[in-house]
Amino acid sequence: MTVLEQLGAHVPVPPPSWRPRTDPAPLLPDATPHRALGVRDAEAGSAGRAGSGDEELLLRLYAAVVHGRRYNEQATALTKQGRLAVYPSSTGQEACQVASGLVLRERDWLFPSYRDTLAAVARGLDPVEVLSLLRGDSHNGYDAREQRVAPLCTPLATQLPHAVGLAHAARLKGDDLAVLALVGDGGTSEGDFHEALNFAAVWQAPVVVLVQNNGFAISVPLSKQTAAPSLAHKAVGYGMPGRLVDGNDALAVHEVLDEALERARSGGGPTLVEAVTYRVEAHTNADDATRYRTADEVETWRAHDPLALLERELRERGLLDEETARRVREEAEQKAAQLRERMHQDVAPDPQELFAHVYSERTPQLREQEAQLRAELAAEGHRTAGEEQR
Amino acid sequence: MTVLEQLGAHVPVPPPSWRPRTDPAPLLPDATPHRALGVRDAEAGSAGRAGSGDEELLLRLYAAVVHGRRYNEQATALTKQGRLAVYPSSTGQEACQVASGLVLRERDWLFPSYRDTLAAVARGLDPVEVLSLLRGDSHNGYDAREQRVAPLCTPLATQLPHAVGLAHAARLKGDDLAVLALVGDGGTSEGDFHEALNFAAVWQAPVVVLVQNNGFAISVPLSKQTAAPSLAHKAVGYGMPGRLVDGNDALAVHEVLDEALERARSGGGPTLVEAVTYRVEAHTNADDATRYRTADEVETWRAHDPLALLERELRERGLLDEETARRVREEAEQKAAQLRERMHQDVAPDPQELFAHVYSERTPQLREQEAQLRAELAAEGHRTAGEEQR
Amino acid sequence: MSTAVRQQSASGGAAERKPATMGQALNRALADAMAEDPAVHLLGEDIGTLGGVFRVTDGLAERFGPDRCADTPLAEAGILGTAVGMAMYGLRPVVEMQFDAFALPAFEQLVSHVSRMRNRTRGGLPMPLTVRIPYGGGIGGVEHHSDSSEAYYAATPGLHVVTPATVADAYGLLRAAIASDDPVVFLEPKRLYWSKDGWDPEAPEPVPGIGAAVVRRPGRSATLIGYGPSVPVCLEAAEAAREDGAEGWDLEVVDLRSLVPFDEETVAASVRRTGRAVVVHESPGFGGPGGEIAARITERCFHHLEAPVLRVAGFDIPYPPPMLERHHLPGVDRVLDAVARLQWESTWVAPGGDGGGR
Amino acid sequence: MSTAVRQQSASGGAAERKPATMGQALNRALADAMAEDPAVHLLGEDIGTLGGVFRVTDGLAERFGPDRCADTPLAEAGILGTAVGMAMYGLRPVVEMQFDAFALPAFEQLVSHVSRMRNRTRGGLPMPLTVRIPYGGGIGGVEHHSDSSEAYYAATPGLHVVTPATVADAYGLLRAAIASDDPVVFLEPKRLYWSKDGWDPEAPEPVPGIGAAVVRRPGRSATLIGYGPSVPVCLEAAEAAREDGAEGWDLEVVDLRSLVPFDEETVAASVRRTGRAVVVHESPGFGGPGGEIAARITERCFHHLEAPVLRVAGFDIPYPPPMLERHHLPGVDRVLDAVARLQWESTWVAPGGDGGGR
Ligand SMILES: Cc1ncc(C[n+]2csc(CCOP(=O)(O)OP(=O)(O)O)c2C)c(N)n1
Ligand SMILES: Cc1ncc(C[n+]2csc(CCOP(=O)(O)OP(=O)(O)O)c2C)c(N)n1
Ligand SMILES: [Mg+2]
Ligand SMILES: [Mg+2]
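Chains as they are written, first to last, in the UniProt record's numbering: chain A, 1 to 390; chain B, 1 to 390; chain C, 1 to 358; chain D, 1 to 358.
Just chain A, same shape as in the assembly:
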């Protein structure tokens, strides 16, 4: 008897698992990035125009961007003075940084990459502690658990599964919080990006992944990184909503993140947000951007500067007088001066720290090595007393 005969009268029917498992339409991003600043109601993207209740927020974003830009300049200057080992500037990306720092509630967690020191500072962390990794005195200078900011992450995209896992754990515990994780356009190519987003969607974890598409991964432009319509389009492949936002529009970024985080907190699952922005400086102070891009290209972005967008909006709304602008600038200078001063103080990390936190208890091997170093330091002390303080 053939298989068909066995089936008899049954007409082959498509099994139920055929149907689309989720409706893809609502997951797809808009064709152009959502904007809020300088946009008349009709032009606004799907999230709609910011209401008039935003005034305080606008001013906070403005101040934070002014402070942030100054902070970036100061940090870059510190590399020249030998006070930072390296600094990846977020100049041009301040809207994303500042919105990420300000949009979070106290209970929420932030997972920054190496470039996102400003987001951590905007969240309220001590800038000196935040810069500890880049100064070279420790791998991480702040209390991650207390601040609810994960250590700045160097291996690309590896922080994303951490963010998803933490969000998932919080949801399992019934805690009301959301997690915001930052990654670059280059980082989206890594397998960890894929695995993390898939876990997030399957678990409906309360996490928002913000891709700061700043056009480059060091020297590699986006066109060599992906052929996708947008990075936000990747979301549909995981079954989560993808949002595209003007990454230089602080209000728009804030709106989109706020909405996504709120959805996450209320059990609505994860969101992938692509913020289109631009890395105005070189990759780090050690990089030479003239090798791979023209001044003209950088120039086209000047007209869309995050600070200019904010300032124009505030002025148009009559919210920014000279006095306020001056005060904000002065605050920025003060903060920069404080930072400069504190970073010029020498630190002398204790060599015994090398062994202190490898394990909860030193192994016999580490005890032996610690003793060896202690003896060496003692001998060295005899020879060159005082040289220990760099």
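A hint or two may mislead.
To be verified - As a list, the in silico BS3-like pairs of lysine-lysine whose alpha-carbon atoms are at most 27 Å apart:
| id | chain 1 | residue 1 | chain 2 | residue 2 |
| --- | --- | --- | --- | --- |
| 1 | C | Lys196 | C | Lys18 |
| 2 | B | Lys80 | C | Lys196 |
| 3 | D | Lys196 | D | Lys18 |
| 4 | A | Lys80 | D | Lys196 |
| 5 | A | Lys173 | A | Lys335 |
| 6 | B | Lys335 | B | Lys80 |
Note that these hints are calculated values from the structure, not bench results.
Given chain A, work out where chains B, C and D with the ligands should sit, using these hints.
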């Protein structure tokens, strides 16, 4: 001067990189899988109904599916007889397997996973050579380069970057060929899947990735694997077309693959195809599927059996008489008998092979170890002469 | 030469208790840990409904719910990476990698984060995380199913690396691993999953903690040093050496149990007593743990050594196909061969009779 | 103790030729290999337009086109995995990993495929593939930028593992690696990129092939064994030992050049001559290559040894932040300290004066 003042009259404009980099619409899969068998013209998916010139192809597919099903049964029987270490059956997935094997041109390459032995056999490889890995006498029994079939791949999704790299190399050399790579629904969760597809799209490599979504990764159902509308929807995130096809409809799978491979050969870039099918047997002979799914579920798929679909089409078109059906069944029996007989012949792989191909030349260390084993075998030979032939 | 799967008891005693397999003891350890501490969460492929391909998590999803014993998507870096995040939030994740080679996709997460998070944060974010990895060969697995990757883990500071050889240790060490505030790579010798021993799940005997080696068999002639799947091989070799008689070696067998931290005291004390040692492991010899162990013993016991510490290990080759694996695995004969080369007459004898010892 | 970046010549001679840096020699090796063999293709992050973050591929994309020297998407497993496919099609890919720790995402591809494809296919699909990895510390890099992972690679059968210490070797070994039909992990000591030596790019001096160690400095008292970034440290220690005078040690320095295959002959011959040896490397000591080397020497030279082979290595800790790295790196003083413990008066002295030698 503020940034806004610096900008002067310039109105902030969205920079050019804002626009969607590719039009997403043509990349999105149809809402339901493409079908060809038993479908009236009006119902057919976007690829359209198969023309009447398909008769020979239909008969070839039919014969290959009948042979393939028998082959799967025979291989499973061989595990019970201790002649295969393990066998992952493709029963229920014969349409995908057979279409994959038959659709390729001679110059094309196939990258199978551990489950895709039937695809390799359908391509014309010697089944005994193909089963060498699963019998346990070698890691790979056929000449991969000559056959243009990569070794059966065990670590999930790791074969996909290989397929992309080979396709890319062929294109760089100007060779006219395409590559077909097979992966399971579970494999799509791996980072290697993501990285490979992204490379493929950026490089416009002539490669087609066929996901056989058979509903399970061992015990884990698709619903725990992904929240995506379909696996084909992942394509848009890479900027390549995604196609959804009825994986039990051999003609539809053949059509979709043929079209995608042709597009690849002519420089049109890669395609991701999801074939919706079902793993009728347990994961392997060692698995117990009753632990995680019901007989009812398996039953719902019987009505959509790949062989039944083909047979019905052929009968409706008056292409399958009893004589042909009998002949095809007999061929299948003959092949199975041959396979059984050959697999019952003992093989005694040479222990010195352990050292022969680790490097192009044995290192001093391996020469020493080889001498050691030779001495041991000689001593053993004295003690238990003849026992070496298992 | 006989290197067939050995499933004999390595601990010897406890004949009065009902026999249990190592798999059952591991299952019980997970269940007891989960029952005691709600922070213990299991993650892995097929560990839920199916109970794991080796059934080590059998019944746990049913008993503790799918959130506590979760089938994840198929992505090892994702599993370990999300477990890192869960540990950051105070949970105590226990991850199962399905086979040794399939832990490799998670290697970056293991090395760059799991092993370093505590150090990076000066203790602020410890990683009380256990990674269970079935390892080793001898079960007729096709390629990639029989690897032994402990050399990679042992060379990674910040990880503990432990592996049981007995049913009692399977329970006791796994409980210790889960209770540890440090990340533990817990290597489960696949071919011992079905090994049996008298063992009472209701009153599991206490075992020494992580970091302690144990003398499984006292002896005077030489010390065999093994761990995991090699411990039964060493014990059998010791028996054979006594029974085969002629040579009359009385071999001591040390079960390391923990590669990191390494119990130098116990090992060195044994070697100082016997003056001779052979290290036995399945993973390739070159760059394997045997080198570290031999070097360390030599540093500590140089003037007690009558002969160089020798090593019996897998060959320096990819793990062979099933039909050839018996030639690769260190078996009793190869161990005794090495013992015979321990310069009992103070002349160096090359392995296999030629090629070495230049 | 002084462990600052050392950039002195390791080969000593060749003063008449113009100085070139190791980075320049590597660049030239790539260019010459590409010019000679159209099958040579370079893949990596930022290696095209930028010329690599260390500028080792400077000018190559311009000269050979972006297909031959390609900026890839940012995904190391994808880079190495596609390179495997390219090698299957007969190309000779040369992959750059940007920093040592960023090679870890590709570890599964390296171990499960690159190292095994030839063996799997009985020679049918060889892997003539080179993986260039800048490794080691001493350049003030933040976390994950100073790792030394050679222990992982050396423990993986099927790979060759080589690392140059001199400008001439940088050229010669890289040419040999690219020409090899086997996969080669080519470890580039980051802090030697700017080291200089007299070297003529138009007539590069021939160097011994992969698998050969070289005595960089003859001596009679003891043998220092190093590779890559440790070779200049060993040479400096040898100079210091002679100059500092009091002890009057005349130290031989062996540059391994290749960890796999390992040149036992050269190393053993040296140790048999001197009777004492210290192995020096930057990667953590426990489970590092030093254990293998020490164990192997001891097996081969037991009766020639006056003292156990000692090891000076990085501590068993994650690589420290820049301000502390000098305490971690094996420096001249630590090497001489170990030499002093080589039982010149036949009594065992513990490292650092206490804690060891129990
Ligand atoms: C896994 C890994 N590979 C490579 C690097 C080296 N690296 C540091 S930053 C960078 C580019 C990152 O680009 P993107 O993700 O776009 O972030 P951006 O620097 O633009 O903020 C690279 C390749 C790394 N840190 N981690
Ligand atoms: C990297 C890796 N992880 C885990 C496994 C173990 N494993 C073998 S098959 C399988 C399930 C695969 O499911 P799917 O990709 O859907 O393919 P199918 O078996 O259904 O054909 C698993 C988890 C593996 N082979 N490789
Ligand atoms: Mg970027
Ligand atoms: Mg499947």
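Holds or violated: Lys173(A) to Lys335(A), with C-alpha atoms at most 27 Å apart: The hint is violated at about 39 Å.
Given pair status - Lys196(D), Lys80(A), alpha carbons within 27 Å: Within the cut-off at roughly 26 Å; holds.
Restraint check for Lys196(C) with Lys18(C), where alpha carbons must lie at most 27 Å apart: 10 Å, holds
Agreement of Lys335(B) and Lys80(B) with the hint, judged by alpha carbon distance not exceeding 27 Å: Distance of about 19 Å is within 27 Å: holds.
Satisfaction of hint between Lys196(C) and Lys80(B), Cα-Cα up to 27 Å: The given pair, whose Cα atoms are some 26 Å apart, holds under the 27 Å limit.
27 Å Cα cutoff - pair Lys196(D), Lys18(D): Given that 27 Å is the threshold and the Cα spacing comes to 9 Å, the pair holds.
In summary, the structure is inconsistent with hint 5 from the numbered list given earlier, while agreeing with all the others.
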